[in-house]
Amino acid sequence: MLAVIRPDDWNFPLLLHVLGASVLLGALIAALTAQLLAWKRESPDVISFARLSFRTLLFLAIPAWFLMRIGGEWIAVREGWDDVPEEPAWIGIGYLTAEAGGILILIGTILAGIGARNLGRSNGERGGTLVRVATVLIVLVVIAYVVTTWAMSAKPD
Amino acid sequence: MELYDWLLALHVLAAFSWVAALVVYTVVIVAGWGLTVPSDVVRMFRVSRVGDALIAVGMLGTIVFGIWLALDEYEIWDGWIIAALVLWLVAGGVGGQEGKVYNGARDRARALLDEGQDSPSPELNAMLRSQRGLVLHTLMILLVLAILVIMIYKPGA
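The listed protein sequences correspond, in order, to chains H and U.
For the first sequence, the positions run -11 to 145 when this note's numbering is used.
For the second sequence, the positions run 4 to 160 when this note's numbering is used.
Calculated from the structure, these hints are not laboratory results.
Hints may contain errors.
Straight-line distance between alpha carbons at most 20 Å, and here's what the computed EDC-like set of lysine to aspartate or glutamate pairs gives [unchecked claim]:
hint	chain 1	residue 1	chain 2	residue 2
1	H	K143	H	D70
2	H	K143	U	E5
3	H	K143	U	E118
4	H	K28	U	D43
5	H	K143	H	D71
6	U	K157	U	D55
7	H	K143	H	E75
8	U	K157	H	E67
9	H	K143	H	E67
10	U	K103	U	D55
11	U	K157	U	D75
12	H	K28	H	E113
13	H	K143	H	E74
14	U	K157	H	D(-4)
15	U	K157	H	D(-3)
16	U	K103	U	D75
17	H	K143	U	D8
18	H	K143	H	E61
19	U	K157	U	E76
20	U	K157	U	E78
21	H	K143	U	E76
The calculated label-pair distances, taken between Cβ atoms and stated as ranges, are [said to hold, decoys possible]:
hint	chain 1	residue 1	chain 2	residue 2	range
22	U	P123	H	E75	56 to 66 Å
23	U	T141	H	F0	19 to 29 Å
24	U	V152	H	R109	38 to 48 Å
For glycine and all other residues, C-beta sits at the position ideal for the given N, C-alpha and C.
All chains should be built: construct the whole structure from the sequences, respecting the hints.
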């Protein structure tokens, strides 16, 4: 019953962390949906979906990642997890996927952006491969974040 | 892991699914804001199908696992649980009304395409920029945010 005994001053950082993580997952799913719709389609469909995916990652996923990460660090410090010799597995999973996922989101956003620009300039001829590579990266991040959400809430030993 | 841990994890995953659906709908509303051509509108609404699946899983999962958790670990008549249940019901009603507004725009775009009209339609654009739709969507976001705040702060618990 940790939730019941949680001190009040832990609530706000936890709210920021959960809000950031849930918006991040939503932004990644929206971007991924657009990327998957762009996978096999011909222009102009592929161009508009690639642009939508890039803009969603840039303007929604990246800011949400920062909100999730800042809120997560804040609550970790409040709970004293930064001061223990051996952290529990669920904290380790959280740190690992947050950091690695952040790098993959950044690379995916850059690839999606360059891909969308090349698709636009070539009328759908070039840039599709970059968008597909970005799609694979975002699929990996979404899977990792769903597993992380389970681990952070269930807190298995 | 005990039953409580599994229920909590599934409840949190369902809540993330609900927030993710709202993010997907927000992306579609923003992306559709300037559209006037029926084929562009129909294309954009393909993204919202994922939102439809996510919101079904999210709303059903939060209520089923939430009530199960309340019966298992809390008191169903606690004020914060009653408040969350009321907000969930209101959100269901608001979501239904919002769906009518935007599904109406999607159906109109499909009808225009079926009639062979794929030229810019001011009527369609007005439907996508609906003040009512925007107000309902904002209200939906505020309701879900309020539920999230209640779930984390658990006032009165």
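Status of each hint after checking the structure:
no.	hint	result
1	H:K143 <-> H:D70	holds (17 Å)
2	H:K143 <-> U:E5	holds (11 Å)
3	H:K143 <-> U:E118	violated (55 Å)
4	H:K28 <-> U:D43	holds (17 Å)
5	H:K143 <-> H:D71	holds (19 Å)
6	U:K157 <-> U:D55	violated (29 Å)
7	H:K143 <-> H:E75	holds (12 Å)
8	U:K157 <-> H:E67	holds (18 Å)
9	H:K143 <-> H:E67	holds (15 Å)
10	U:K103 <-> U:D55	holds (13 Å)
11	U:K157 <-> U:D75	holds (16 Å)
12	H:K28 <-> H:E113	holds (12 Å)
13	H:K143 <-> H:E74	holds (15 Å)
14	U:K157 <-> H:D(-4)	holds (10 Å)
15	U:K157 <-> H:D(-3)	holds (13 Å)
16	U:K103 <-> U:D75	violated (37 Å)
17	H:K143 <-> U:D8	holds (7 Å)
18	H:K143 <-> H:E61	holds (17 Å)
19	U:K157 <-> U:E76	holds (13 Å)
20	U:K157 <-> U:E78	holds (12 Å)
21	H:K143 <-> U:E76	holds (17 Å)
22	U:P123 <-> H:E75: 56 to 66 Å	holds (57 Å)
23	U:T141 <-> H:F0: 19 to 29 Å	holds (23 Å)
24	U:V152 <-> H:R109: 38 to 48 Å	holds (46 Å)
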